[in-house]
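Peer 1: If you want the building blocks of each chain, they are given just below.
Protein chains: 2
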Amino acid sequence: MMKRFLCAPGPTAVPSEVLVEMARPLMHHRTPQFSEVVAENAEMLKKVFKTSSPVLTLTASGTGGMEASITNFMSPGDTIIVLSAGKFGERFAEIGRAYGLNVVELKAEYGKDIKAEEVREALKKYPEAKGVYTEYSETSTAVAFDVKGIASVVRETSAIMVVDGITAIGAMEFEMDEWGVDVAIAGAQKSFMIPPGLAFVAYSSKAEKLMKEAKLPRFYFDLAKERKNLEKKTTAWTPAISLFMGLNVALKMMLEEGMENVIKRHYLVAETFRQAVQAIGLQLFADVPNVRPSDSVTAIRVPEGVDGAKIPAYMRDKYGVTIAGGQGSMKGKIFRLGHLGYVDKSDIVVELQAMELALKELGYTFELGKSVAAAQEYILKNFPVPNVAVSEAGD
Amino acid sequence: MMKRFLCAPGPTAVPSEVLVEMARPLMHHRTPQFSEVVAENAEMLKKVFKTSSPVLTLTASGTGGMEASITNFMSPGDTIIVLSAGKFGERFAEIGRAYGLNVVELKAEYGKDIKAEEVREALKKYPEAKGVYTEYSETSTAVAFDVKGIASVVRETSAIMVVDGITAIGAMEFEMDEWGVDVAIAGAQKSFMIPPGLAFVAYSSKAEKLMKEAKLPRFYFDLAKERKNLEKKTTAWTPAISLFMGLNVALKMMLEEGMENVIKRHYLVAETFRQAVQAIGLQLFADVPNVRPSDSVTAIRVPEGVDGAKIPAYMRDKYGVTIAGGQGSMKGKIFRLGHLGYVDKSDIVVELQAMELALKELGYTFELGKSVAAAQEYILKNFPVPNVAVSEAGD
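Residue numbers (UniProt numbering), protein chains in the order written: chain A, 1 to 395; chain B, 1 to 395.
Hint data in this document are derived by calculation from the structure and do not stem from the laboratory.
None of these values were measured; they are calculated from a predicted model.
Accuracy of the hints is not assured; some may be wrong.
Here are some chain B residues pointing at chain A (derived, C-beta under 10 Å) [claimed, not checked]: (1) V20; (2) A23; (3) H28; (4) L58; (5) E94; (6) G100; (7) V104; (8) Q189; (9) P196; (10) L216; (11) P239; (12) I379.
Here are the simulated DSS-like pairs of lysine-lysine, each with C-alpha atoms no more than 27 Å apart in a straight line [what the hints assert, rightly or not]: (13) B:K46 <-> A:K107; (14) B:K215 <-> A:K233; (15) A:K232 <-> B:K209; (16) B:K209 <-> B:K233; (17) B:K87 <-> A:K233; (18) A:K318 <-> A:K370; (19) B:K310 <-> A:K232; (20) B:K318 <-> A:K233; (21) B:K125 <-> B:K148; (22) A:K331 <-> B:K228; (23) B:K331 <-> A:K228; (24) B:K125 <-> B:K215; (25) B:K107 <-> A:K225; (26) A:K228 <-> B:K87; (27) A:K331 <-> B:K112; (28) A:K232 <-> B:K333; (29) A:K331 <-> A:K87; (30) A:K310 <-> B:K47; (31) B:K252 <-> B:K46; (32) A:K215 <-> B:K225; (33) B:K333 <-> A:K310; (34) A:K228 <-> B:K124; (35) A:K212 <-> B:K225; (36) B:K47 <-> B:K125; (37) A:K225 <-> B:K206; (38) A:K47 <-> A:K215; (39) A:K232 <-> B:K318; (40) B:K233 <-> A:K3.
Note that CB positions come from ideal geometry on N, CA and C, so glycine has one too.
Just need the whole structure built from these sequences, with the hints factored in.
Peer 2: As structure tokens, then:
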């Protein structure tokens, strides 16, 4: 028997409460009963996105949401500015080019970000740009972009601010309306604690104006059509019913905890983890303190002399802990541990001990148990521990 | 307590074996373990499609698969011929127009089909047509098109033959390669007995040639990219993991029964149902014998004097049996009962008794129990009953 832990930056562990809900007999989607679920989910999603705009649920993975954020707002030949310092920023650029847009890619090295000031310069140089597309948490490098600062620059122009918040929304502070984000995208299998297969997209009235003249072709991902259907408490196409049901339970769990607490928990868990790994001499990949590390995933440089590609395999196959390696050119150079969604302090300790065991076997020199101890110290000092009467164990 | 039965033409009832599999802790999709599932599913799907071409699994509902069957093979301004005698044929035309194609719609009244001879004429009149798009089982009217005959006409030309088999493949005879079908689409929540959220698409080498010059933009639904990823036992984007796991179990159930038996079962169940409803004077909506009725769904004309819109609501809310009403202009004029996927003779009896109760309450005059008796008679005569030693019940 090997007990397994899913500690990747998505998909993330699904709580039993959600699994059990999804195992119930299937409900038909064109019924008053399911319509209540659609409407209730949409209301709860607004509280996670912090927006008064409708939040649409697409049956697709996050990339489908990213595609929708381009095809619904742009016309062939339009210019967009893409902030690109990792695999998912690059994906925005790829989608833009696939649809015949003029993509201005603001690039930075992996591990860094692009600052609001550079975006301001780019918008001056390309005043025709109709949109600025950025990651919030760039999952491939574990860097958080300054979305709030960038949005404050973009909102002064006619361009729309589009944020891929797939590993950020629901895990890090996000204020769609207050910050002036025009299109925001999130994904099921991240902080939302359900299996992959749903993408969430909301758009502002500024974006809606652009949508009305947008000529790129779209059908399955037609957001105006989805919005009209949501008004009638339904979806344009047959939805992934079981995921909608699981989402209903998961959103209730999130809102019961309170979004502020959810976000604080993610920060504390991530910070515990960052402190712990540095205690055994490991280096974060994010170029801290020049950039802010993401609170949903931590990328670590593979220490010299260690075969980096083997770390995820050892952790998974020998110690039951699934994490992620580096993607593309980062393969073997970094490894990434997720801590988002259904995650608490104990999960960090599970990750750390398995990581230590794998690193020890792969020849890295450090004192066994030291990262775990560092995590424990941080937990004692910083975590809110329930102030309850603790009785002796009895029958 | 009200015991509930999902008897719609999709989504269909999900067997407990599948629900339980999907309730297991989530597996990461970039692991050797999940790759085995991807590869095994793809091999099993080939046996359902009867093709040697790879069958791709998209995280989307069936409409996503329909969109892919247009955007991957056509260029702006191309002419396609769409066979349209129901809501889903019309959807092909809508997608084609949304992507700037010249859509030649061969129309027939709802309840009828379009014959191979008409397709031959249209191909002569529009020799520039690059594709013929048709339903196999038009879910909105319960008519089965003569896909085999139409394919034999199309294969003589340079056009590709595209079949929406969403409520047909896995329920009715289908020979993708032998019949000369170039693109075939199926959907999870139909004969595949899992919740919605996956579409299956396969394409021939003739279609692949067209794909190489196809200029319509596509990204999320890029079939060439999916095919390349399938060769590496993975998917282009994060897949709906829990649905892939459920599909694995469901496909094994289908192949263990044997596709020939699965298809025979669907025919027998459908024919039982058709005989039974006619025994109480109800009329099929499909223009039989000029067209072949679908074996996965039966559409019935609402009898005169009955408020048709109430039939599905009565059956669902009073008697626990969810069926479908008429869509669009058919609303209130027909009602549709599905019998596909996880369906056997006993399900037909459940549908019939609830339908009788609803119709009786809504004022239709007939002898209660007569359709059930007709079904029983057909079952006794026609169903293969296991030839086992039947012992008396004991402890």
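Peer 1: Each hint: holds or not?
Peer 2: Hints, one by one, checked against the model:
1. V20: holds (6 Å)
2. A23: Nearest chain A Cβ about 4 Å off; hint holds.
3. H28: holds (5 Å)
4. L58: Constraint on L58 (chain B) satisfied, holds at 9 Å.
5. E94: With Cβ-Cβ at 7 Å, under 10 Å, it holds.
6. G100: Holds - the Cβ of G100 (chain B) comes within 10 Å of chain A, reaching about 6 Å at its closest.
7. V104: Violated: closest Cβ of chain A sits about 19 Å from V104 (chain B), beyond 10 Å.
8. Q189: holds (7 Å)
9. P196: This interface hint holds because 5 Å falls under the 10 Å limit.
10. L216: holds (7 Å)
11. P239: Holds. Min distance 7 Å.
12. I379: Constraint on I379 (chain B) not satisfied, violated at 25 Å.
13. B:K46 <-> A:K107: violated (43 Å)
14. B:K215 <-> A:K233: Outside the cut-off at roughly 36 Å; violated.
15. A:K232 <-> B:K209: Not satisfied, since the Cα-Cα distance of roughly 42 Å exceeds 27 Å.
16. B:K209 <-> B:K233: holds (23 Å)
17. B:K87 <-> A:K233: holds (21 Å)
18. A:K318 <-> A:K370: holds (20 Å)
19. B:K310 <-> A:K232: Holds, at about 19 Å.
20. B:K318 <-> A:K233: Status holds; Cα separation ~23 Å.
21. B:K125 <-> B:K148: holds (21 Å)
22. A:K331 <-> B:K228: Roughly 20 Å separates the two Cα atoms, so the pair holds.
23. B:K331 <-> A:K228: Roughly 20 Å separates the two Cα atoms, so the pair holds.
24. B:K125 <-> B:K215: The hint holds at about 24 Å.
25. B:K107 <-> A:K225: Holds. K107 (chain B) to K225 (chain A) sits at ~25 Å (cutoff 27 Å).
26. A:K228 <-> B:K87: This hinted pair holds, its Cα atoms lying about 19 Å apart.
27. A:K331 <-> B:K112: violated (57 Å)
28. A:K232 <-> B:K333: holds (22 Å)
29. A:K331 <-> A:K87: Distance of about 12 Å is within 27 Å: holds.
30. A:K310 <-> B:K47: Measuring from Cα to Cα gives roughly 37 Å; hence the hint is violated.
31. B:K252 <-> B:K46: holds (13 Å)
32. A:K215 <-> B:K225: holds (25 Å)
33. B:K333 <-> A:K310: With a Cα-Cα distance of about 63 Å, the restraint between K333 (chain B) and K310 (chain A) is violated, given a limit of 27 Å.
34. A:K228 <-> B:K124: Violated. K228 (chain A) to K124 (chain B) sits at ~41 Å, over the 27 Å cutoff.
35. A:K212 <-> B:K225: Violated, at about 31 Å.
36. B:K47 <-> B:K125: violated (36 Å)
37. A:K225 <-> B:K206: violated (34 Å)
38. A:K47 <-> A:K215: violated (31 Å)
39. A:K232 <-> B:K318: Holds: K232 (chain A) and K318 (chain B) sit about 24 Å apart, inside 27 Å.
40. B:K233 <-> A:K3: Given that 27 Å is the threshold and the Cα spacing comes to 25 Å, the pair holds.
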